[in-house]
Each structure stands twice: as C-alpha cells, then as structure tokens.
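Novice: Next come the chains, spelled out residue by residue.
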Amino acid sequence: MPANRFNGFTQYGVGVGLRIPHYDEILSRRPVVDWFEIISENYMVDGGNALATLDRILEQYRVVQHGVSLYFGSAQRLNDDHLRRLKALTRRTGTPWVSDHLCWGSVDGTYSHDLLPLPYTWEAVERTAQQIRHAQQELELPILVENVSSYAEFHDSEMTEWEFLNEVVERADCGILLDVNNIYVSSWNHDFDPMTYVNAIDPARVGQIHIAGHSRFEKYRLDTHDHPVLDPVWKLYARAIERVGHTATLLEWDDRIPPFDELHSEALKANRWLASAPQSPIAAPENRHAAA
Amino acid sequence: MQLLELQRTMLAELRQPTAPEDNPTSAAYLRPGRRLNAHERLGIYHRSYWARLRQSLAEDFPALRAVVGRRRFAALLDAYLIDHPSHSWTLRDLGQHLPAWLEQHPEQAGRRWRAALDATRVEWAYVEAYDVAALPPIVADFHANSRFALQPHLRLLALSFSVDELLPAVHRDGRSQPLPRLRRERVWLAVHRADDLVYYRRLDPIAFTLLQLLGRGLPLGQAVPEACAAAPRGSSPQSTADAIHAALALATQIGWLCSPPEANPA
Ligand SMILES: [Fe+2]
Numbered sequence: 001m002p003a004n005r006f007n008g009f010t011q012y013g014v015g016v017g018l019r020i021p022h023y024d025e026i027l028s029r030r031p032v033v034d035w036f037e038i039i040s041e042n043y044m045v046d047g048g049n050a051l052a053t054l055d056r057i058l059e060q061y062r063v064v065q066h067g068v069s070l071y072f073g074s075a076q077r078l079n080d081d082h083l084r085r086l087k088a089l090t091r092r093t094g095t096p097w098v099s100d101h102l103c104w105g106s107v108d109g110t111y112s113h114d115l116l117p118l119p120y121t122w123e124a125v126e127r128t129a130q131q132i133r134h135a136q137q138e139l140e141l142p143i144l145v146e147n148v149s150s151y152a153e154f155h156d157s158e159m160t161e162w163e164f165l166n167e168v169v170e171r172a173d174c175g176i177l178l179d180v181n182n183i184y185v186s187s188w189n190h191d192f193d194p195m196t197y198v199n200a201i202d203p204a205r206v207g208q209i210h211i212a213g214h215s216r217f218e219k220y221r222l223d224t225h226d227h228p229v230l231d232p233v234w235k236l237y238a239r240a241i242e243r244v245g246h247t248a249t250l251l252e253w254d255d256r257i258p259p260f261d262e263l264h265s266e267a268l269k270a271n272r273w274l275a276s277a278p279q280s281p282i283a284a285p286e287n288r289h290a291a292a
Numbered sequence: 293m294q295l296l297e298l299q300r301t302m303l304a305e306l307r308q309p310t311a312p313e314d315n316p317t318s319a320a321y322l323r324p325g326r327r328l329n330a331h332e333r334l335g336i337y338h339r340s341y342w343a344r345l346r347q348s349l350a351e352d353f354p355a356l357r358a359v360v361g362r363r364r365f366a367a368l369l370d371a372y373l374i375d376h377p378s379h380s381w382t383l384r385d386l387g388q389h390l391p392a393w394l395e396q397h398p399e400q401a402g403r404r405w406r407a408a409l410d411a412t413r414v415e416w417a418y419v420e421a422y423d424v425a426a427l428p429p430i431v432a433d434f435h436a437n438s439r440f441a442l443q444p445h446l447r448l449l450a451l452s453f454s455v456d457e458l459l460p461a462v463h464r465d466g467r468s469q470p471l472p473r474l475r476r477e478r479v480w481l482a483v484h485r486a487d488d489l490v491y492y493r494r495l496d497p498i499a500f501t502l503l504q505l506l507g508r509g510l511p512l513g514q515a516v517p518e519a520c521a522a523a524p525r526g527s528s529p530q531s532t533a534d535a536i537h538a539a540l541a542l543a544t545q546i547g548w549l550c551s552p553p554e555a556n557p558a
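Protein sequence lines, in the order shown, are assigned to chains A and B. Take the first sequence: its letter number 23 is residue 23 in the numbering used here, and every next letter is one higher. Add 292 to the 1-based position in the second sequence for the numbering used here, that's all there is to it.
Don't read these hints as lab results, they were simulated from the structure. Hints are supplied without guarantee of correctness; some may be wrong.
[To be verified] Now the in silico label distances, taken between C-beta atoms and shown as ranges:
#1 B:His397 x A:Arg84: 31 to 37 Å
#2 A:Ser215 x B:Ala367: 27 to 33 Å
#3 A:Phe9 x B:Gly361: 55 to 61 Å
For every residue, glycine included, the Cβ atom is placed at its ideal position computed from N, Cα and C.
Only chain A is shown next, with the shape it has when bound in the complex (with noise of 0.2 Å):
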C-alpha cells in the first residue's frame, strides 16, 4: 500500500518542512525535494510575504498542509472560523490531506498553542472522532491524526495510548499520521516498549509518517525537533515500514535549523527503508481491539 483512501491515493515519498529560513534557497537554487509540508496556521492569513512565498513555491513543488491548532481532542466543538480559513488554504495548495494533532489544547475559547494530552478515556475517543468526522465533512478532505509526544498521564485513563488512537481513528473513519520520534519521546516518558505502539496501530490507516529529533534531559525526553533523527527512532521507522509499507515520510526539524541541503540529505535517509518496503496490500492489525 503505498496510496490509500488516507493520503487521498498518493505515492508521496520524503519530504521536509517548509521554513522560513530556507525560502530563499528553495527559491533561488530549486532543489529537487518530492514535497514540501507546510505548517497550515502560518498560511492562513489574508496577504502579505507568507502567502506570495507559497505561492511561487506551489509552481514548483507538491505541498501537504500540517496543521497545529484544530485540536480535535478539546471537549467544546472546533473554531469555525479556523476551519473556514484552513479550508480556503487546501483549496490554494491542492493539498491530498489536512493533518493535525490527537491532543486538545484550548478551552472556553483560551488557547494554550501547545499540544496537550488527552485522558485515554472513552468520553475523549468519542468526542475526538466526532470532531475529526466533523471537520472532515467540512474540509471534504481525509483528516490524518497525529500521535503527540506526551510529558502527563491521567488518572482517568481507561486504556493505552495506542489503543485510544486505534478508537478514535475507527470511529471518525480518518487515518493516521504516525509520528514514530513522538512514540519513542513517550515510551520513554511513560515506560511502555514503544515496538508494542508500533505493532498494534491499525497499518491500513496509516497515511503519512513523521521522523524528527529530540532532547534528552536527565529525567525525561523532550519533542524539540532541533536534532538528527536518532537511532531507536529509525528502528521504530524501519518497523513502521516494514508493516505499513511504502509511505509518504516528513522530517520535522523546527529549531536550530540546519541549512536545507544537510536537512533534505537526513530527510532522504529515509530511503534505505522506503527502497525496500513493501507495496502489497498490508497484513491485519495485531492488536487492534485489545481495549475492548
């Protein structure tokens, strides 16, 4: 599999994040990149410099919109206005999916501009998918959720993370945007084997795939995207693969970023595993209803 109702039937390989700094040189040199994943909220303005830049790089390239705000995980429904605007973007950019975050982060209209856990309750695998199924009907664009790094677990919480994903995801008929470096910050946060995550999300759902640096700290690892992927990540990548198949990969590096061309060649890494993976239909998911 590598297209899939998901992805919008895509054959998407690597790509990076689109960032400021390096607009110059995407502009002026025009490197050979497969797509670009643009932040959605960074765009989603009425003129000006942004706009004009992904204007002239909308005639060179394939863009795919990552958004950092819908919160699909709050408890009070989606910002419409929000999701006016971000539609009006996917019709500029063409993009195949819209994907954002299984987290929540904002309430009685306060927002926090992180991305907060969720209690893994069944009220919250309700709630979700009905705001993902929501926007969705909205966008008229299939959603990927992404998994997020988590510091917190809730007393409240009725079953594991991947099981909670698995639910929601079932429930709003959406897909998935595994972020493999997110699954190993919280394994080893949480102290769960984070091989466990990667074999019981549901393969047939998964859209895109996210690799990314993080922080080591003393007492915990932290999501900050300023690093080289490093090796435990790779293999939970290498494992995602070899189950999901070929699919479309994004190096997410937000800070201390390093010039375009030392951040494409880490990006493209990803191809000893992509080269190989497999483009046959997927296998059943091992641990699909264990919550049940």
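Following the hints, put chain B with the ligand in place on chain A, whose structure we already have.
Specialist: Chain B with the ligand alone, transformed into the frame defined by chain A:
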C-alpha cells in the same frame, strides 16, 4: 473527571504564574511517573506554555524591550499575559491588546511609558501591516463627493517620539551597534506594505489628517477643509493647498486609496 472540567482545570493551572512544583494542590488529576511526580510532569507543560507565549511577544515587540529594558520587559509581558491570554488559534494575534493594555498600565513601563507606548503601537501596526489583505488601488478622479477606503494594511499613527528610527535598528538585531537615541518629537507615521515588505513613512500633519478623515469615509470636500486646519501655524493658503495636492498624489502613487465598501458590488 469530565473532559471539559479536566481541560478547564489543567489550562487554569498552566496559566498560573507560579510553577506547579510550588503549588501543592495542582496536578491532582495526573499520575506520577517513575522519574517525575505529577507536579513535575505538569511543570514541563507549564514552562513550555510561558516560554512559547513570552517568546512570541518578544519577537513581535523588540523595540518595546529596547525602550523599557530587558528586566522590566519580562515582567511586563507576564503581567500582560495574565490579563490577556491568547484568544486566537494563531500566536500572531497575541499582542493585539498590548497597546491598549499598556496605556492602562503606565506602571509597567516606568518613566519611559510614553515612548514605550509609541513603540508598542508601531510594532503592533507592523504585525498587522505584514499580512492583512491588500485591496486593488484605484486611480481616482478627485471631486468634492469622492469617497475612498484606505488600503487595509495602511496604519496611521500620531507619535510623540522618534520610535520609527529605533525600529529598523532593533529589527536588524544590531546588538553590535548602539541603538539610536529616542528624541521627543511629533511624528505622523504611515506603516504600510509594498512588495510584501513593511515600510515606515513619515507624513506631514496635513497628509496624515487628510488620510485619517478619508479612511473614516468622509467625502473629499469635507475632509480637505478639516485637514487644512492641521496645517502648522503661519502656513500660507498656497502651501496648505500644495500639501493637500501632494498628499493625494502620494496616496495615489503608493496605492493607498481604494474603492469605498459601498462602491464594491456584492
Ligand atoms: Fe510530528
């Protein structure tokens, strides 16, 4: 705990200026981990909440920091964030209430309050001018009944200090060079966008007043006499008339004049 209640509680704790580690009643809904207790776990989110919002404001208001100094600036940001947390999905809007808030809180800026206020107003105008819509400009025939809308990215600011000279310096991050000294002077400033860059342009008081009045929807025949009243004392009628013509020529040339809303068919 219901999801909504949990989210309200957690966000309220993140918004507290005191760290969860110093608040024994916080994080009751979180499980302790093997290496970190519940307060320390919440503390990671607390630090990141404050760091992200402070950083966003620091990026948007470097001239304000230059005016009030680093330490006062940090305290000012925290006080502002307590009163005005983000109510938008984009951090771009975070500083929108800062000019009005600082006007109400002179104690936060110290003795350079007025200069700080000017810096804040210009910096917020920059944020807006950077990415709001641009309308197609019109080449107007000027009649007494002519009405216009101003280009949405044009901001007109009457200032008491030369903060427009400070801005390019702080935006260049010229720490190696000394910042220009602020002078107390009347400045009539236009902040606007051209070719996707934001520019500061000083106007004379007549041009400034004329544009303000046209922006409020007054017809030209009414705006001109009122703008003439802004002429410096002792100006001749001819120099005032020349200033009006120059203002309209400039506004046309830069593309600041657009069709008024009612002229645009729905
Ligand atoms: Fe990610």
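Novice: Work down the list of hints and note, for each, if the structure agrees.
Specialist: Now the hints, each set against the structure:
1. Between histidine 397 (chain B) and arginine 84 (chain A) the beta carbon distance is about 35 Å. The supplied range of 31 to 37 Å therefore holds.
2. Here the CB-CB span from serine 215 (chain A) to alanine 367 (chain B) is close to 28 Å, well matched to the stated 27 to 33 Å.
3. In this structure, phenylalanine 9 (chain A) and glycine 361 (chain B) meet the distance hint of 55 to 61 Å, their C-beta atoms being roughly 57 Å apart.
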